[in-house]
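Undergrad: Go by the hints and put chain B onto chain A.
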Amino acid sequence: MGSTTKTGNGITKLTNCRLLRGDELVWDDLWVSSTTGRIVQSQAAFYDDLIVPNDVIDLGGRIVSPGFIDSQLNGAFGFNFSTVLDDMSLYDQSIRDLNKKLVQTGVTSYVPTVTSQTSALYQRVLPHLASSSASSSRDASSGAESLGAHVEGPFLNPLRNGVHNVAVLRRATSLADLESVYGAANLTPSTIKMITLAPELSPETTKTLIPALRSRDIIVSIGHSNATYEEASAAVSAGATMITHLFNAMAPLHHRNPGIFGVLGGLPSHSCPPPYFGIIADGIHLHPTTTKIAFNAHPDGLVLVTDAMHMAGLPDGRYPWRNGTDDNWILKRGAVLVLEGRETTIAGSSTLLINCVNNFVKWTGAGVPRALGAVTATPAAMLGLSGKKGTLEPGADADLVVLSDGDEENGTTDLAVDEVWKFGVRVFQKRKKA
Amino acid sequence: MRLIIRDDAEAASAYAANYIVQRIKEFAPIPSNPFVLGLPTGSSPLGIYRILVDKFKAGEVSFENVVTFNMDEYMGIPRDHPQSYHTFMWHHLFRHININPQNVHILNGNAPDAEAECLAYESAILAAGGIDLFLAGIGEDGHIAFNEPGSSLASRTRPKTLAYDTVLANSRFFDSDIDKVPRMALTVGVQTVMDAREVVAIVLGARKAPALQKCVEGGVNHMWTLSALQLHPHAMIVCDDDAVLELQVKTVKYFKSIEQVARSQGFEQSLPSKLRTRNTNPSINEPLVTTNGTANWSTNSSTYTPPPTIHDAPQSALLAARYPIPVERSKSPVFDSMSSRIQDGPVFVGVMTPPDELPDQGYHSDGSMNGSLKGHTNESSERAVENSNA
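From first to last, the protein sequence lines are chains A and B. Numbering-wise (UniProt numbering), the first sequence opens with residue 1 and increments by one. Numbering-wise (UniProt numbering), the second sequence opens with residue 1 and increments by one.
Hints are supplied without guarantee of correctness; some may be wrong.
No farther apart than 25 Å at their CA atoms in a straight line, the calculated lysine-lysine pairs in the PhoX-like style are these [unchecked claim]:
#1 B:214 to A:13
#2 A:101 to A:430
#3 A:432 to A:101
#4 B:256 to B:214
#5 A:362 to A:100
#6 A:13 to B:55
Taking beta-carbon pairs under 7 Å as the criterion, some of the chain A residues facing chain B (in silico) [to be verified]:
#7 43
#8 46
#9 50
The calculated label-pair distances, taken between Cβ atoms and stated as ranges, are [unchecked claim]:
#10 A:8 to B:210: 52 to 58 Å
#11 A:22 to B:169: 28 to 34 Å
#12 A:8 to B:30: 55 to 61 Å
#13 B:265 to A:8: 51 to 57 Å
#14 A:60 to B:252: 58 to 64 Å
#15 A:61 to B:25: 27 to 33 Å
Calculated from the structure, these hints are not laboratory results. Ideal placement from N, C-alpha and C gives every residue a C-beta, glycine not left out.
The following block holds chain A by itself, in its conformation from the complex (with noise of 0.2 Å):
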């Protein structure tokens, strides 16, 4: 028998919590180690090593979620993550504190967004996007950690460009033109975790492109792309995984051209499942209904998003922003960002991922864990990470959101973040009331 460590093994037993497992809130305990960052086989830790946990932590019957997931992200509390400063080392310093505000929000991990810009600006920016868990250690007090970037352009059609600006929109037909654009060195799956692209642009694109990029394990998703059902439906049979803000910057459905949105409803071949898809449900993007349709046609593939610029967590008014080659200016109303001069459209969001959580039970119907799994396991699982984030088996990060679900004082049933862990650590605790 191994000996007992009843002092200083860093493990927390998490008590009188409904845990998120699957389709369902489960009353049980979760054991977590600070040690290890992961969570605990707590009954192995027992009969094998003999341990108790160090500390237990009464949460009064709140639901434990796996750490939220942003899987497109352009930047939060002033900061934006397209923006090149003459001193890099102030890049750094702006992502570390954004990292440590981010997860105050329940998001222990993200793929920050870089939208369509020039090769120099994404060159410059990507090496200090990478995925954290390549480079520093595991440590919980950086907060909301990175999973790798996703670049959102520049290969996107112009007639879907949304605010990105359409002068520095390009078409590739070889993997050298992505390299020159991205630097051959970031197009590896820690940097450059994700793609945005739209496989119409050139006949390549599904052909050689898209299984290249698979091969070389970074995920391509559909977007900003005019592409006709039959066009999305070879992209995704040749390896695309994901829509980006399904609806947003696409061709609306259309009963004789279904496009984009009819892949969900699966291939002609049948040959794979339907792809992952983001959805803004920031109550801006796009009608609740819509949101429904879309979650009913393919449960198992809605990935809640934000789409979130650096206004996020900012008062009203005017903020520059970097757009390719020009510098413009968005405004933020309330909830909405719009692109000055051209305020017919929408430019991101301002939202947080707990506010999109809310907005799809309310909208949809689905129930706690659905939602929450939207954020949690769906995404990664379309990131790649099953087993790793997203769920609370044993093995998995420690990375944690406590929510209270209903204020009676408040008369809401919305879902609020009350404490965030990050690797098996508290990392937030929301002040109580006096």
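TA: Chain B in isolation, oriented as in the chain A frame:
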């Protein structure tokens, strides 16, 4: 034997759980003198475990200095299999309470040498000072632990084949696929349970009623292994109303009445003081095999070698030496109230019955007598008293 009957399963479980908590508190265990508890699995004890957990959470009891020994474990399924008894105990009890994992003993159904594992288990029980209270359940065929019908009542911890009925009954936990049900288990023996200073069995539901009847009203019989409890000096069966369906009304009334009398006298179900604390030399079940120098035996130790005395001595002599017939009597009238009513010799002072007609055996517990003298002698003795008073 004490038989405690409660209206329903919840009340019976609460009684047993309260009793265990009371025993632990009276014992006041400390690390050098822990309370040693034997534990069952299965559906019967679930309510007890739930209440024990509640009581622990309410701060009513601590398991810090409680040592546990489980009855049995399947062979050939992974330890953390959903149906393993390791998993059962973890799920229903251990993870909720402050028990020290070093104090937990469960047979290793995957031990490379099952025989050695079982011998080591017996030794570990001895090293812990013997079991103070063995909680038990009962199968529909009256089995205790995996001691299926026909098991030796002198059996000790050993590998055991499971009866076909048990395999069939357990298949519901294994995807209803009989091929997935383990056919073997490691289990403590009937004698292992009997060695405990006290045994508490929980029997719930009408399906257990025939077994309870056999074990309480029938004779000691290896086809109903729980019936061995009849030979235990401090056995208690706690059951619900459904479980007594097959008992005679007389039996039920008898056990209810003596519980009532005991309570009215303030005895409740308490044990002799020595057994309550084990602080003095235990009079019962004193280990024959000394554990000096072998206190470090562990059930998982690969270097363990079983003590030779267990094998070499004849079993009967061993048992006789280790388990002398207890001479101590309970301070409670409950344990031996049946025998205490048996008269040793003539007690009659009346004038109506000649001495040569006295019965050999005397009174039954209900005051009646054998044969033709039924209802006769009590009245005569009472009359005699009245006469003398007159």
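Undergrad: Keeping to a limit of 25 Å between CA atoms, is the pair of residue 256 of chain B and residue 214 of chain B held or broken?
TA: It holds: about 19 Å lies between the C-alpha atoms, which stays within 25 Å.
Undergrad: Going straight from one Cα to the other, do residue 214 of chain B and residue 13 of chain A come out at no more than 25 Å?
TA: violated, 46 Å
Undergrad: Does the beta carbon distance between residue 8 of chain A and residue 30 of chain B stay inside 55 to 61 Å, or does it fall outside?
TA: violated, 25 Å
Undergrad: Is the gap between the beta carbons of residue 60 of chain A and residue 252 of chain B within 58 to 64 Å?
TA: violated, 45 Å
Undergrad: Given the hint that residue 101 of chain A pairs with residue 430 of chain A, does the C-alpha gap stay at or below 25 Å?
TA: Judged against 25 Å, a Cα distance of about 13 Å means the pair holds.
Undergrad: Honestly, do residue 61 of chain A and residue 25 of chain B meet the 27 to 33 Å range at C-beta?
TA: About 30 Å separates the Cβ atoms of residue 61 of chain A and residue 25 of chain B, which means 27 to 33 Å holds.
Undergrad: Given the hint that residue 432 of chain A pairs with residue 101 of chain A, test it: the Cα-Cα distance must not exceed 25 Å.
TA: Roughly 19 Å between the alpha carbons, so the hint for residue 432 of chain A and residue 101 of chain A holds.
Undergrad: Take the C-beta atom of residue 22 of chain A and the C-beta atom of residue 169 of chain B, compute their distance, and say whether it sits inside 28 to 34 Å.
TA: holds, 30 Å
Undergrad: For the restraint on residue 50 of chain A, tell me whether the closest CB of chain B is nearer than 7 Å.
TA: holds, 4 Å
Undergrad: Taken at face value, is the distance from the CA of residue 55 of chain B to the CA of residue 13 of chain A at most 25 Å?
TA: The hint holds at about 19 Å.
Undergrad: Taken at face value, is the distance from the CA of residue 100 of chain A to the CA of residue 362 of chain A at most 25 Å?
TA: Since the Cα atoms of residue 362 of chain A and residue 100 of chain A sit roughly 29 Å apart, the hinted pair is violated (cutoff 25 Å).
Undergrad: Holds or violated: the hint that residue 43 of chain A contacts chain B, with Cβ atoms closer than 7 Å.
TA: At 5 Å from the nearest chain B Cβ, residue 43 of chain A passes the 7 Å test, so the hint holds.
Checked against the numbered hints above, the structure breaks hints 1, 5, 12 and 14 and satisfies the rest.
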